[in-house]
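Enquirer: Chain by chain, the residues:
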Amino acid sequence: MTVEITDAGFTYHGEDTAALSGINLDITGGTITAVLGPLGSGTSTLCRMLSGQLASRGTTTGTIDRGGRVALLGDDPEAQLSGMTSHVGDETQLACRLHGSDPAEARSRARNLLEQLGIDELWSRRLDTLSGGQRQLVALARILASGPDLLVLDQPAQSLDPQMRMRLATVLQEFCDRGGSVLITGHQGDELTRICHEVHFLDAGRLQTATAPTRTGGVWDSLADDAATHSKTVSSQSDALLTVRDLTVDRGRRRILDGFDLDLRPGELTTVTGANGVGKSTLLRALLGLLGRSATVTGTITVSRLGEMTRMDTLPTHARSAYLGWVGQDPGQQLSAATVARELLHAAPLPPHRRRDRSQVRDQRRSDVDTVLAEADLTEVADEHPFDLDVPRRKDVVIASALMTEASVLLLDEPTIGRDLAAMTRLNAIIERFLSGGGAVLATTHDQRWAHESAHHRLRLVGGRAQRR
Amino acid sequence: MSSASTDTHTAEAAPDVGPKRRLHPATELVILACSLLLVFGVPSPIVPVIILACSLVTVMVSPAVRPRTWAMTVGLLCLPTLVVLIIVQGLFYPGIEVHVLWQAGPARLSVEGLSIAVQIWLRVSSLIGLCALFGLGTDSARLFDGLRRLRLPPAVAYVCASAIGLIPLIGARTRHIIEARQARGWATDSWRVRVRLLPGIVVGLVTAILLTVDQRHEVLEVSGLDSSPSTVDLQDHTDGTGQRLLRILTPLVTFGSVVASVIGVLPLPGAAQLIGGA
Numbered sequence: 001m002t003v004e005i006t007d008a009g010f011t012y013h014g015e016d017t018a019a020l021s022g023i024n025l026d027i028t029g030g031t032i033t034a035v036l037g038p039l040g041s042g043t044s045t046l047c048r049m050l051s052g053q054l055a056s057r058g059t060t061t062g063t064i065d066r067g068g069r070v071a072l073l074g075d076d077p078e079a080q081l082s083g084m085t086s087h088v089g090d091e092t093q094l095a096c097r098l099h100g101s102d103p104a105e106a107r108s109r110a111r112n113l114l115e116q117l118g119i120d121e122l123w124s125r126r127l128d129t130l131s132g133g134q135r136q137l138v139a140l141a142r143i144l145a146s147g148p149d150l151l152v153l154d155q156p157a158q159s160l161d162p163q164m165r166m167r168l169a170t171v172l173q174e175f176c177d178r179g180g181s182v183l184i185t186g187h188q189g190d191e192l193t194r195i196c197h198e199v200h201f202l203d204a205g206r207l208q209t210a211t212a213p214t215r216t217g218g219v220w221d222s223l224a225d226d227a228a229t230h231s232k233t234v235s236s237q238s239d240a241l242l243t244v245r246d247l248t249v250d251r252g253r254r255r256i257l258d259g260f261d262l263d264l265r266p267g268e269l270t271t272v273t274g275a276n277g278v279g280k281s282t283l284l285r286a287l288l289g290l291l292g293r294s295a296t297v298t299g300t301i302t303v304s305r306l307g308e309m310t311r312m313d314t315l316p317t318h319a320r321s322a323y324l325g326w327v328g329q330d331p332g333q334q335l336s337a338a339t340v341a342r343e344l345l346h347a348a349p350l351p352p353h354r355r356r357d358r359s360q361v362r363d364q365r366r367s368d369v370d371t372v373l374a375e376a377d378l379t380e381v382a383d384e385h386p387f388d389l390d391v392p393r394r395k396d397v398v399i400a401s402a403l404m405t406e407a408s409v410l411l412l413d414e415p416t417i418g419r420d421l422a423a424m425t426r427l428n429a430i431i432e433r434f435l436s437g438g439g440a441v442l443a444t445t446h447d448q449r450w451a452h453e454s455a456h457h458r459l460r461l462v463g464g465r466a467q468r469r
Numbered sequence: 001m002s003s004a005s006t007d008t009h010t011a012e013a014a015p016d017v018g019p020k021r022r023l024h025p026a027t028e029l030v031i032l033a034c035s036l037l038l039v040f041g042v043p044s045p046i047v048p049v050i051i052l053a054c055s056l057v058t059v060m061v062s063p064a065v066r067p068r069t070w071a072m073t074v075g076l077l078c079l080p081t082l083v084v085l086i087i088v089q090g091l092f093y094p095g096i097e098v099h100v101l102w103q104a105g106p107a108r109l110s111v112e113g114l115s116i117a118v119q120i121w122l123r124v125s126s127l128i129g130l131c132a133l134f135g136l137g138t139d140s141a142r143l144f145d146g147l148r149r150l151r152l153p154p155a156v157a158y159v160c161a162s163a164i165g166l167i168p169l170i171g172a173r174t175r176h177i178i179e180a181r182q183a184r185g186w187a188t189d190s191w192r193v194r195v196r197l198l199p200g201i202v203v204g205l206v207t208a209i210l211l212t213v214d215q216r217h218e219v220l221e222v223s224g225l226d227s228s229p230s231t232v233d234l235q236d237h238t239d240g241t242g243q244r245l246l247r248i249l250t251p252l253v254t255f256g257s258v259v260a261s262v263i264g265v266l267p268l269p270g271a272a273q274l275i276g277g278a
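As they're listed, the protein sequences go chains U and V. Counting in our numbering, the first sequence runs without a single skipped number right up to 469 at its last residue. Counting in our numbering, the second sequence runs without a single skipped number right up to 278 at its last residue.
Chain U on its own, in the form it takes in the complex:
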């Protein structure tokens, strides 16, 4: 027995309601267990309680018997690296060395892990050049290399492409074959939860006694069921809002995009899938002109508004933002105000106006903020700090800030990360409303089901080129 949790509960300081209560869970050696639940159900709290991270943050009740060393990978994709190192090789060895392993052994284990995960070519890469998925894999390799007895993984697959999830599943199964055990928590069913020996469901801090099908309990199943799902039909062949021709991006000696073509029409959602690190975020950043001196970008980007065509590839980023609303992969990097409402209030510059009209313009802006808050279902959290929200809500705030501009095209980078069923429904509603207003959306994603069900066009990025699905 690796871990035995008996009647455990946890209440955060200053809270009246317990975040977890009456938890009974046995995790035996050699098994993979999943605990799934909607956002706010307590899955992350369970992980942190199990790894002993909550001692100073509240009151724990019940007993938790740990039969070995526990290693945790947190759920926030922006907070998984240590910040101590600059290169992948050093980061992967870090936990081993902190535990006192011999340097040669630490190096060997780290290399072996990266090889197993199929990312050994990243050994010399700088950490700040990694994609979100690669970052997550490096963090996983770091904690796996230190040889824990129990791995606690909070949403470990959220930034990974399906092939990488399968590879990670194999690595975890091998870890279990050597006697280790794994606890996976999250809000989505995916390739990893399918290989679990046991799947439990958490609801409002209480573990459900009977296991339930993956698509219940507020959990989103990201695996496409081909028999049940269908793509959206294309309703019209109106003129494209955004036309991209022969877009090529070179970074150093590496070609990221190679003659990429794209047409985005009003009312249509186009998804871009592809392997980790293939260049999906780079595509969105290239469209917005955010690559700067780090890359050479060629090709034409044209937008259409009221029948007027505008070449954007020569415009600076702030001018392109009048047409394109970008929502990056890490929402925390786009948020800086103290409340959600203030974030939206100051998201974009006020339109040109005379001084005497200023109060009127500001009133109009406040009214627009209220409208967007309602549209994005953020009214209830308008006065909260954006960093106090969960990751999907933070992403919603960034989407809402894009809606504050007059952009007719939304560029969404991984909008489905970490979402449960309710958050997916919320995202779909926001996109549907934007599309019905004549806008177009380009979204990168690893969520095959969402792409299959929601997109009018699906592209797969392979070798820098788009393949239609």
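Keep in mind the hints are simulated off the structure, nothing from the lab. Please note that the accuracy of each hint is not assured.
As the list claims (entries may be wrong) - FRET-style restraints, in silico, Cβ to Cβ:
#1 U:T310 with V:V193: 32 to 40 Å
#2 U:D246 with V:I87: 27 to 35 Å
#3 V:V193 with U:T6: 34 to 42 Å
#4 V:P63 with U:E105: 53 to 61 Å
#5 V:R21 with U:D16: 57 to 65 Å
#6 V:P63 with U:L315: 30 to 38 Å
The C-beta atom is built at its ideal place from N, Cα and C for all residues, glycine as well.
Once you have looked at the hints, place chain V on chain U.
Expert: Just chain V, lined up with the frame of chain U:
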């Protein structure tokens, strides 16, 4: 997943800055400390000039520091200092018996004022150049190893190492915040717009940094920080008798040079002598 989350780096793969090509971080720290002691202990502009020149040569040959980044950092901090010093000390030196080189109204350029301005500026510039060379060419783990080799308590070493990790963090966060503003229509190329956005940028920056520091500490705790009493280096470094000897001899030579300078045995010219007036 995406390609680069931070797209400002042209070189994705790190140059091979293997341990064989670099001093042990403890040796680098000793050289840094001794150089700074020399700069401020020997009252001659020749010392900071030599150290600034050595820093420049090191930057040019080192694969660990990008010359452009180093030059931008040093230039951004040193040029305003130079302007202020020339105005305050060079043009408005308060001394009475001075050798005036040029005068216009209340402003007079004197040898004495200029020599003080040059001396201060060279000292500050060499300090900044050296610290930038060290700060840009090292990461927290490397500094941590160096400080522990110099027998600092792990807790102190960790705090110092975390602090140096803030340099790239602040740079990256500032870049992200400015990018986010550009993406919403703010023309951040304009200094007027930047100044207008400054309060929001600073508040966002401070919040993000506090959060990140907390998150990083948590990541390190679950990765085993404080779990082992052994002192295994976090990175591979070369060390040997030569470097150990260097770490002992460098402070001795530095101390000797400062003492020699104080008692007048080290005949290095002062700034006023070099300028030629006094």
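Enquirer: Each hint should be assessed against the structure and marked as holding or not.
Expert: So, going through the hints one by one against the coordinates:
Hint check: T310 of chain U to V193 of chain V, Cβ distance near 22 Å, so the stated range 32 to 40 Å is violated. Taking 27 to 35 Å as the suggested C-beta distance range, the pair D246 of chain U and I87 of chain V does not conform, at roughly 54 Å. A beta carbon spacing of about 59 Å between V193 of chain V and T6 of chain U contradicts the range 34 to 42 Å that was offered as a hint. Range check, P63 of chain V to E105 of chain U: about 28 Å between beta-carbon atoms, so the 53 to 61 Å window is missed.
A C-beta distance of roughly 60 Å is found between R21 of chain V and D16 of chain U, which places it inside the suggested range of 57 to 65 Å. Here the CB-CB span from P63 of chain V to L315 of chain U is close to 36 Å, well matched to the stated 30 to 38 Å.
Violation of the numbered hints given earlier is confined to hints 1, 2, 3, 4; the remaining hints are satisfied by the structure.
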